[in-house]
Structure formats: C-alpha cells, structure tokens
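Dock chains B, C, D, E and F against the given chain A, drawing on the hints supplied.
There are 6 protein chains.
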Amino acid sequence: MPLVTIKIIEGRTIEQKRGMAKDVTDAIVKNVGCPTAAVQIDIIELKAENVAQGGKLFSDGQ
Amino acid sequence: MPLVTIKIIEGRTIEQKRGMAKDVTDAIVKNVGCPTAAVQIDIIELKAENVAQGGKLFSDGQ
Amino acid sequence: MPLVTIKIIEGRTIEQKRGMAKDVTDAIVKNVGCPTAAVQIDIIELKAENVAQGGKLFSDGQ
Amino acid sequence: MPLVTIKIIEGRTIEQKRGMAKDVTDAIVKNVGCPTAAVQIDIIELKAENVAQGGKLFSDGQ
Amino acid sequence: MPLVTIKIIEGRTIEQKRGMAKDVTDAIVKNVGCPTAAVQIDIIELKAENVAQGGKLFSDGQ
Amino acid sequence: MPLVTIKIIEGRTIEQKRGMAKDVTDAIVKNVGCPTAAVQIDIIELKAENVAQGGKLFSDGQ
Chain A
11 MPLVTIKIIE GRTIEQKRGM AKDVTDAIVK NVGCPTAAVQ IDIIELKAEN
61 VAQGGKLFSD GQ
Chain B
11 MPLVTIKIIE GRTIEQKRGM AKDVTDAIVK NVGCPTAAVQ IDIIELKAEN
61 VAQGGKLFSD GQ
Chain C
11 MPLVTIKIIE GRTIEQKRGM AKDVTDAIVK NVGCPTAAVQ IDIIELKAEN
61 VAQGGKLFSD GQ
Chain D
11 MPLVTIKIIE GRTIEQKRGM AKDVTDAIVK NVGCPTAAVQ IDIIELKAEN
61 VAQGGKLFSD GQ
Chain E
11 MPLVTIKIIE GRTIEQKRGM AKDVTDAIVK NVGCPTAAVQ IDIIELKAEN
61 VAQGGKLFSD GQ
Chain F
11 MPLVTIKIIE GRTIEQKRGM AKDVTDAIVK NVGCPTAAVQ IDIIELKAEN
61 VAQGGKLFSD GQ
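From first to last, the protein sequence lines stand for chains A, B, C, D, E and F. Per my numbering, residue 11 is the first one in the first sequence, and the count goes up by one each step. Per my numbering, residue 11 is the first one in the second sequence, and the count goes up by one each step. Per my numbering, residue 11 is the first one in the third sequence, and the count goes up by one each step. Per my numbering, residue 11 is the first one in the fourth sequence, and the count goes up by one each step. Per my numbering, residue 11 is the first one in the fifth sequence, and the count goes up by one each step. Per my numbering, residue 11 is the first one in the sixth sequence, and the count goes up by one each step.
Hints are supplied without guarantee of correctness; some may be wrong.
No copy is singled out in the list; a pair is fine if it fits within one copy or between any two copies.
For lysine to any residue, the following SDA-like pairs were computed, each having C-alpha atoms within a straight-line distance of at most 20 Å [to be verified]:
hint, residue 1, residue 2
1, Lys57, Gly71
2, Lys57, Asp70
3, Lys66, Asp33
4, Lys66, Val42
Just so you know, the hints here were simulated from the structure itself, not pulled from any lab data. Since this is a predicted model, take the numbers as computed values, not measurements.
The following block holds chain A by itself, in its conformation from the complex (with noise of 0.2 Å):
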C-alpha cells in the first residue's frame, strides 16, 4: 500500500504502460512519501463496448 488502480480503454503499448507504471509510482512516493517499493499498481483494460459517459456507449462515439 499504496494500492493504485487504473482504468484505461485497452490498446496502449507495453512502453505506455512501463512509464505510466513508473511515473506514477514516482508521483505517489513524492506526494505521500512511502518507500517506492510499497506502491503497487493494477491496470485494467477495458474495450471501449464496456464504458459509458452520458448514458452513451464510447463505442458509439461520444
């Protein structure tokens, strides 16, 4: 703990998710000042059928 997760429409590359993995730890020890090592990140991709804003699908454009 620090717990992290992200929801992310899927398709991001492996180098996306390297540095948004690391930055973000970065951002989090800065901020809360824990070791880097006790900041654990989880990513969850999501298909763009299987998120909404507004009651509108993305996959339907928003």
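For chains B, C, D, E and F alone, kept in the frame of chain A given last:
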C-alpha cells in the same frame, strides 16, 4: 462522478450493454440530480469460472 | 451478480439512496434479464477532498 | 455480502480457483459468522504487463 | 499480489478482522502457492444504508 | 477515463492529496496522451485495522 462499475458474467450483447448504460444513467440522474454527462459507467465482464457464491464456482453450477 | 458499485460524493439522503437502489436494479433487470434478487449494489461515499478531475480536487472547486 | 474481489496474475487452473473459492469462503464464514451462501467472490485475472510494484512492471521481472 | 478486497457491513470487531485476515491469507497461499507476504487485504466497511439487494437497502430490512 | 483509484492509509493532509492528484494526473497524461480533463481520481482512505499484509493487520504492526 458518479462512477458506476457493473460486474457481470460475460456474454451480453452490445444492445444489452447499450440499454443498460442508458437506463442505469437515467436511474442515477433521476435520483441524484446530477448532470447526465457526469455519469460514467464501466462494465467488468467475468468468466463463470471467476465467480463464486457460497464457495462454489458459477462454472460448477449453482 | 450483477454486482454494482456506485461511487458518489457524500451527502445524499437515504431517500435518494433508496430510490437509486430500486431504479438502478430495475434498469439492470430490464436489460439483462436476471432475477431482481440477484442484483447487489454498494455505494461508496467520497469526501470532496478525495475526488479529483483534471488534476484538481473537487474540494478546490471545478 | 460479504463481497470478495481477488486480483491475481493470470494463469491459475480451475482447480486452484475452485479450492480458493471454497477455502476463502470458509475463512470468512468462520470469522464473521455469516451464512455461507452470502459470500460472493470474483476473481480478476491480470496480465503481468498490467501489474507493477515499485514502479516496475511484473513482466519486466521483479 | 494477490490483492484481496473484502466488502462487508460495518461493525466487526478487530478480533474478527484479525482472524479473517489471517485465515483468508492462508486460504489463498494454500491454493495458489504464493508467498504469505505477497497477500494484501483491504476491508471496505459499508453502512447498511449503502448496500442493497434486489433493489432494497439493507437498512430497510431484507 | 482514465479512472484512477488510490487506496491509502488514512491521515494524509489535503496538501498531500492535492499534490498527489495533480502529479498522478500529469504522469498519466504524459504517458497516455489523453486530455488532462479526462483523468478522474478517487482516494479511498483505510484505517490501519482494515489493511493486512502477510495475514497481519497493519494496526498490529508490520
């Protein structure tokens, strides 16, 4: 926000998801009075072997 | 299952929660065809200082 | 309720999931005193490239 | 990882939480074969007015 | 979306939360290329008696 997560067994059609997204959003707006555009929904689809009730996997029957 | 989690800024009345629980459940049953009794909902109430959009806390205004 | 979510790296067998569902349910019933049928579990399987500790993806080694 | 989240109605004693944390961890280690130290658990306590089944709040009776 | 949930032991100041919200948002925008306004963060504060690692509650020491 409001942010809604719906966990459901996989296998719904996009029409079911579209209707659910619209109707759940309307249900929240009606009761909470927030703007429609503020409601975000994500759907987490689960395999039957990844859900259990009473200690028994759904894939083993209920 | 379906399991629904609704994250919302704290401060809703019990009447709002009661109405939301009923109407969200109906919205899911209508679209998915599951038994009403199968739908479980939990509401996570959040303080405005624990929610941010665009990098800015809700408690700092939006 | 209780509702249990288990996030785990993908690749467990169905026998492991079956045993985990049964034993985790028993562990909760023993300590909380709820009916066995009230315990629901869902398992979220994650790819190693979607999990990080200490700012480093599991798929890059730990 | 594994990361376990347990949602439960508020009001458990610390002895119940302590026992649940130990026994759930053992149940996972037994079935998955991970190190004990790798298992993290968080408990989300919910008020009865924030949980519903079948469209009815727990605080209104079940 | 992206939607970020940060689970953390309670007791952070609002300045820490404000900094964390800003820096985590920047870290995601930098790597994913989404609009800043699309990033939503919620912080779940947990009591030490509601978190365990290795089967032991944080409130019992680690």
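These are the hints, each one checked on the structure:
no., hint, result
1, Lys57 with Gly71, "within (13 Å within a copy, 27 Å between copies)"
2, Lys57 with Asp70, "within (12 Å within a copy, 25 Å between copies)"
3, Lys66 with Asp33, "between (31 Å within a copy, 10 Å between copies)"
4, Lys66 with Val42, "between (37 Å within a copy, 17 Å between copies)"
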